[in-house]
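Let the hints inform the model, and build the full structure from the sequences given.
Spelled out, the chains give:
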Amino acid sequence: MDFGLSSEQRMLQDAVTRYLSEQSPLGHVRDIAAAATPYSPDVATGLADLGVPGVIIPAEFGGMGLGLLEAALVAEALGFSVAPVHFAGAHVMAPLAILLGGSDSQQRAWLPKLASGAARAAVAVSQAVEGRDGVGVVARDGWLDGTALFVLDAADADLFVVADTTGALHLVAADAPGLTQIPLTTIDKTRSVGELRMTGVKADPLPGGGGRTTRRIIDAGRIMLAADILGAGTAMIEQAVAYAGTRVQFGRPIGSFQAVKHMCAEMAAALEPCRSLVWYAAHAFDHAPDESTLMACHAKSHLSEVGRFVARTSTEVHGGMGFTDLAGLHYWFKRIGLDRQLLGGPELVRNEAARVQGWIAV
Amino acid sequence: MDFGLSSEQRMLQDAVTRYLSEQSPLGHVRDIAAAATPYSPDVATGLADLGVPGVIIPAEFGGMGLGLLEAALVAEALGFSVAPVHFAGAHVMAPLAILLGGSDSQQRAWLPKLASGAARAAVAVSQAVEGRDGVGVVARDGWLDGTALFVLDAADADLFVVADTTGALHLVAADAPGLTQIPLTTIDKTRSVGELRMTGVKADPLPGGGGRTTRRIIDAGRIMLAADILGAGTAMIEQAVAYAGTRVQFGRPIGSFQAVKHMCAEMAAALEPCRSLVWYAAHAFDHAPDESTLMACHAKSHLSEVGRFVARTSTEVHGGMGFTDLAGLHYWFKRIGLDRQLLGGPELVRNEAARVQGWIAV
Amino acid sequence: MDLTYSAEHQAFRREVLVFLEAHRHAAPKGGGAAQRPSAEAVAWQKLLIAHGYAARTIPKEYGGYGAAPDILKSRIIGEEFARASVPPGLQSQGISMLVPTLLELGTEEQKRRWIGPTIRGEVIWCQGYSEPGSGSDLASLQTRATEDGDDFLINGQKIWTSTAREADMIFCLVRTEPDKAKHDGISYLIFSMKTPGIEVRPLVTMTGHGEFNETFFTDVRVPKSQIVGKRGQGWFVANATLKHERGMLGDPGQLESRFLALAELMRTETAGDGRIMDNPILRDRLLRLQAELAAMKFNGLRVLSASANGGDAGLARLIVKLQACELAHQISALAIDALGELGVLYESSPHLRAHGGWQQAYMFQLGLIIGGGTAQIQKNIIAERGLGMPREPKLATDWGRL
Amino acid sequence: MDLTYSAEHQAFRREVLVFLEAHRHAAPKGGGAAQRPSAEAVAWQKLLIAHGYAARTIPKEYGGYGAAPDILKSRIIGEEFARASVPPGLQSQGISMLVPTLLELGTEEQKRRWIGPTIRGEVIWCQGYSEPGSGSDLASLQTRATEDGDDFLINGQKIWTSTAREADMIFCLVRTEPDKAKHDGISYLIFSMKTPGIEVRPLVTMTGHGEFNETFFTDVRVPKSQIVGKRGQGWFVANATLKHERGMLGDPGQLESRFLALAELMRTETAGDGRIMDNPILRDRLLRLQAELAAMKFNGLRVLSASANGGDAGLARLIVKLQACELAHQISALAIDALGELGVLYESSPHLRAHGGWQQAYMFQLGLIIGGGTAQIQKNIIAERGLGMPREPKLATDWGRL
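Residue numbers (the numbering used here), protein chains in the order written: chain A, 1 to 362; chain B, 1 to 362; chain C, 1 to 402; chain D, 1 to 402.
Since the hints were derived computationally from the structure, they do not count as laboratory data.
The structure presented is a predicted model; accordingly, all values stated were derived computationally and were not measured.
It is possible that part of the hints are untrue.
Label-pair restraints from in silico Cβ distances [to be verified]:
| id | chain 1 | residue 1 | chain 2 | residue 2 | range |
| --- | --- | --- | --- | --- | --- |
| 1 | C | Ser38 | A | Asp145 | 48 to 56 Å |
| 2 | B | Glu238 | D | Thr4 | 40 to 48 Å |
| 3 | A | Ser7 | D | Pro69 | 19 to 27 Å |
| 4 | C | Ser6 | B | Asp42 | 43 to 51 Å |
| 5 | B | Ala361 | A | Arg252 | 52 to 60 Å |
| 6 | A | Thr180 | C | Gln35 | 34 to 42 Å |
| 7 | C | Thr195 | A | Thr180 | 26 to 34 Å |
| 8 | D | Arg267 | A | Ser6 | 38 to 46 Å |
| 9 | C | Arg267 | A | Ser7 | 50 to 58 Å |
| 10 | A | Phe309 | B | Ala15 | 42 to 50 Å |
| 11 | A | Arg30 | B | Glu238 | 48 to 56 Å |
| 12 | A | Phe309 | B | Pro41 | 47 to 55 Å |
| 13 | B | Arg18 | C | Asp312 | 19 to 27 Å |
| 14 | D | Ala84 | A | Asp156 | 54 to 62 Å |
Selected chain B positions facing chain C (in silico; Cβ < 10 Å) [unchecked claim]:
| id | residue |
| --- | --- |
| 15 | Thr17 |
| 16 | Tyr19 |
| 17 | Ala288 |
C-beta atoms are modelled at their ideal positions from N, C-alpha and C, and glycine is treated no differently.
In structure tokens:
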């Protein structure tokens, strides 16, 4: 019995963290955020060298063949550094969809390329999370029509994994005729989100891509977003504590004032148990299928709430400096803000958690 | 334009407050709380001398003929001193029911006696707030059958104002055959709540006692409970501030520690605007009928939330002493706890506020 | 509790309505923003001053309308201009902060020279108070003014100087007596932003906009005569000004319009199976905010009444900034949550709602929670001044003193 | 992340199950409460010690079972006894606090004399630490022990002495060196509650029950030999004990059973039109608590694992008391709200649900938030020891040092 990380798991996370601290410092994040596309090919290449795109792809397809817990550790490291690269959609949900729902030939065609970083996939499942007027993709005889919003990791994608109105999944090549890609600008300039419009687009359905697979990849995606918030929140608390230790007002470091100290303590007290929740949700995804959806919901909704509190409070600890662009703290603030809403806000996700437990009368 | 109290209004409130501080100090509250019936006849008599039972009863019936704002000021004073006497049911809702819904003869029969304190009335409208399995009073041809819970100001009542399942109101004499009275023990030993069981009880229906009258008296009752919380919360903050100013730990009054100071500031910041809300809700009850129900809901639900926060936080400021019976702070804590739940908890009341505004789709 | 207006005030309201009806066509489109006003806005301001709807209580000899203070008339003007969606008089730090300070503590020469052009929008001011190292602890400011004959030479840096890029003039706190106790060594100077040695750099905030600036001074030469109040009394002079800034935050009218926009959003926007308003959880949050808003609105009326009657609502006034900023922030937070995934869109994105204003407001209001005395400083003030709690040694004595 | 148990631990679990099956009929009904145990409970305790399910790691020579510490085995025992609803070994302040202290710092004579009878439930102890004037600032305690020949004469007052009415003995902090700095003048004494001069008065709390006492000492004569540790080192000795108390709060198993009772309440009780669980607003609150509970439960596992592996989970451990007490309080608050008007019923009222336990718990848990280091002290500890933030001069140095 050991509820904790193995040394291999720590090494993986440390490697990603170290790489990002060296190759994707705040200055680089700023540059990417100011550019047209919120995506850093350089960092993506560096992470590919570490094997990140193939973290959950089996070794037979050239991946690392690790579990969702390892993926969550990577996600946490990315959130910690607000790394301006894809992850939840491109490197977890998309390969998982192909692994769980793809035919042999689909797997052979795509997984090696996804594992090496030679191809990139984006994921369009937002309508399976929450419907919206005028949005939705209809499949008929292998052709797709309609609109998908909030496509995760959209920039620079070669392939789209698209859910239709029945929850079935399809592969769509980025250059398919009839497909229009529209970037969506969000508060967070470190993550790419897009819109797809389809008029008679040829699709390659995943034979095992029914509702169950969609459910699984949404669970996985939510755990990744939760882990991203965990990393971002950890970084914000660290920055707040560091700032409070050096910023002097009234002749004392502000961190020696009880009000500031307690703000930091409340953040840490709220966030620290989240670490174990994220670990367990990721572990359960692979090893405790009965609890998997419930834990994914809990991780996503709880981290969203705690993340909002940490984002706001750590900004307050920084005083006016937290509100400026100078400290750059807002990149983390916005990353948490984005993660909170994607794949369902906390109220929606908690409602799903109630359904899973049979707590909602039909 | 003057959003504030007149000098007459202040004098009324001061008179009640002064009387209670002299004649119903904490020691008296303790004695009543330890007794079988949570009701002090002595204090009730003293308050009758001040005219309290007739505060809203017109002068023609021997009352003071004042408005609901004056009643709210009295309620606040009673809450401030956790006075172990009736009010919301006996002296506001019951006379209001008879005023709004009673016939001339009913008014002549009861209002003078209620105004002088010679007779006491209790109010059984809980089922009109929220139904509950096995509870409810059915009226047939002037006879009542069934059970009513959470009868307000039940102890020592001569008369009950009872709502039936249609929301119509009836007068029932306390000595009517077939009527059984059962006291309900609550956390709060300063206020009397009871149960009525009726088997073929002769009732005297209020001719104007339909749903509209019931709605009005519930609104009024909620404003009174809100005012009671306001007074109790004010007293708790005062006690917390006083305690923090004298209790010394680590060589300083604990009130000089920022954590304690901020707890008090947060309580005051939350409660102080409630004062204006209660005033306005009471004013609107008489002078702005369109807003009356909405404001009554807001006052009740908001004071319930703020009251819970103040009750808990002021107890924390007192440290271990707040948890003991020594300081007696818990009488206020429990009074607020009772007020919060009676006539509907905050979620239920907010739902009504949504209905009143047409925000709930039918 | 009398919520009706007197006959005099009702008549005054009718006057305002008549004016609005007659002149609204002449109102500028953009409203009275902080930047340099357009010619149209300057003309509108002159008209308003002439009728007493701007610079109302400023004496005639300094260019104002010269009316006796009447807080209810000011409120009526505000209400009716807002209801008619007609821009009110110019709002700027010069008008709200410098002019009251000069009226209270300026020399006759300073009043005659600066008040008129300022209220007419001809001279734009910025405020030089905060420094990177002096936020909550404002009195620790380090910008130095050293004597050089009849002049001061100013060196240092200010931050949060909004409108510094547009401003003609600055009112500025500088340290003239470095050997004195920190509150006693400060002077209040006014000088031109055209003076050589001043450099202004935009300060980008988390909203992505450069609403503020940093302003750097290198050997900026200012005649000693341009001091307001006495040398070394700048802290006292600034307090007179800061009082006015404090009053600007937490306007319940603004809160109410934000709330109404949120309720409208929830009534009209759909998500999942129906209107957002049909989601009981989000609706419950909306109702909590509505109750709080009602409390703050009536609290505002109470503060106003007390003030109109020459009193002070004490605690009810002291809590306004803390509570109103928090409530505004919570309104924006709910709007973002109610929009679900759409809530993250920003700037010129497709599918954007309210021009991205909810996210913008969510961040800007966090800035307001921090600015003008952080929430922590506000709580100290409430506890110490409102509740009379004992001071913590050396904490927040500065803001707490204001 | 390995959530399975080793073969050794699985075998141990089977042993426990076999024991429970064979002996559960002999278990006492009431469980191991704080008061003086029944003869049945004492017999049960002896059986548990003999099998190593109580006093497991206490050396044989002092009456224990003498096993090597294995936190997972302790957990397995706890889990299986709880699952089988069989009362575990006696729990008392003597067993959880005094015995570890004696083991660490007692003389051989003290160990031999007191540990055996204490773990067997034959001697009951109470704790004399807090005083009316010394709560958070425990080291300021004023109960005096003055020398009189070979004895101390004790005068003063203690508070929060739970079980003082039943206790045979007390472990008590007294000031022996009034001239020394406050932490350095304290000694740790053990003496009989039958000693003349001791008066115990029940301390009624807000729940209406007398769970605690006040204990008064007037010229209570205690031989100097009954000191634990050295004279003037009582603060150090007490810290060893307080560490153990800290660990007793925030048991996730208890939290979970409270939560399950709440969920069951909401599934079965009706209000208005349907089950409480069908109220989306209350259900949403329930789900928030469930997520927090999950986080705390796994956090507990993490702390346990770190400890089992000889490490320390640091922050994850330091936050437990603060978060777990708050969560427990929130669970009770929701239960009260969910019950609506029924939620106010108490004691022996008709229509009472759960014997009034939700209100009782709501108040008692507020007491736990305050006791054993208030929430404010906990936050200081988290900030200073968990996050390494600078100390505020003179604040909470005492609890913070533990």
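Need the list of violated hint numbers for this structure, in ascending order.
2, 7, 15 and 16
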